[in-house]
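Novice: Please build the complete structure, drawing on both the sequences and the hints.
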Amino acid sequence: MDLPGESPVNAPVPKDARTDLFSIDVPVTLSAIVRREPDGTFLAEIPSIPGSQVSGESVEEVRAKLARGAPSKLGRAGVVTPVRIDDRGRVFRADGTEVLDIGMTPEELLEGRAEGDRGRLTPLEDVLAEHGL
Amino acid sequence: VSYAVVLHGRAKREFAKLSGGHKVIAADHLRRLARSPAKLGRPTVSPPFPPGEMIYDFVEDGGFETWHSFTVFFKYDAGESTLIITGIGHSEHPRGIG
Chain Y
1 MDLPGESPVN APVPKDARTD LFSIDVPVTL SAIVRREPDG TFLAEIPSIP
51 GSQVSGESVE EVRAKLARGA PSKLGRAGVV TPVRIDDRGR VFRADGTEVL
101 DIGMTPEELL EGRAEGDRGR LTPLEDVLAE HGL
Chain W
1001 VSYAVVLHGR AKREFAKLSG GHKVIAADHL RRLARSPAKL GRPTVSPPFP
1051 PGEMIYDFVE DGGFETWHSF TVFFKYDAGE STLIITGIGH SEHPRGIG
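As given, the protein sequences belong to chains Y and W, one line each in that order. The numbering of the first sequence is our numbering, which starts it at 1 and goes up by one. The numbering of the second sequence is our numbering, which starts it at 1001 and goes up by one.
Honestly, the hints are just simulated from the structure, not real lab data. Worth double-checking, as some hints may not be accurate.
As the list claims (entries may be wrong) - Listed next, the stretches of chain W that the computed footprint assigns to chain Y, with coverage defined by at least 3 CB atoms under 8 Å from CB atoms of chain Y:
(1) 1005 to 1012
(2) 1022 to 1028
(3) 1049 to 1055
(4) 1085 to 1092
All residues carry an ideal CB built from backbone N, CA and C; glycine is no exception.
Specialist: As structure tokens, this is what we get:
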């Protein structure tokens, strides 16, 4: 089978194309849950895409943000199977695709892991109270 | 049913480094995570991640110039009634370059 060369994604497949591998668009409609906050802003999330929460001043704004962010989030859903974390905390798959930014270096990620949990755990509410929250 | 949430010393230190506004945002997300960890969390693979932990990541709008990404590392305690937050990562990104 011949593989496609540098043809742009979504380009029409010529009738005489010597390939049986090509891309098509698949329109998808996703439903979001929107909540009006006490301050009048809106919080929205697509339940089927973990981590898709956005906020905005209007329903149109949160819809636009979700439409922008959902495709990349969809690609990131599922088990996180990275192979490399660089020194800026960016997580990459084997094909070089960046899938996550964990905000810490590999060394920082592992720091303190060997300490164990005993005596080192603080309830969330106590932590928040320490910070006046 | 919501899980109890406790922070490991390391996550507590990382939480303390967040700005005031980001502390509020992170606290809100930690409470959401407590309500549905299975839905929001994603399993990780070790290495490079620590074994047995899950990830919950979210982004927040930082205004015209920046956006922020947060990553919460967590695991269930032995009784599966408590979430142990083992790490909280945060990074700020300029708009327009990913």
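Novice: Which of the listed hints are broken here?
Specialist: none
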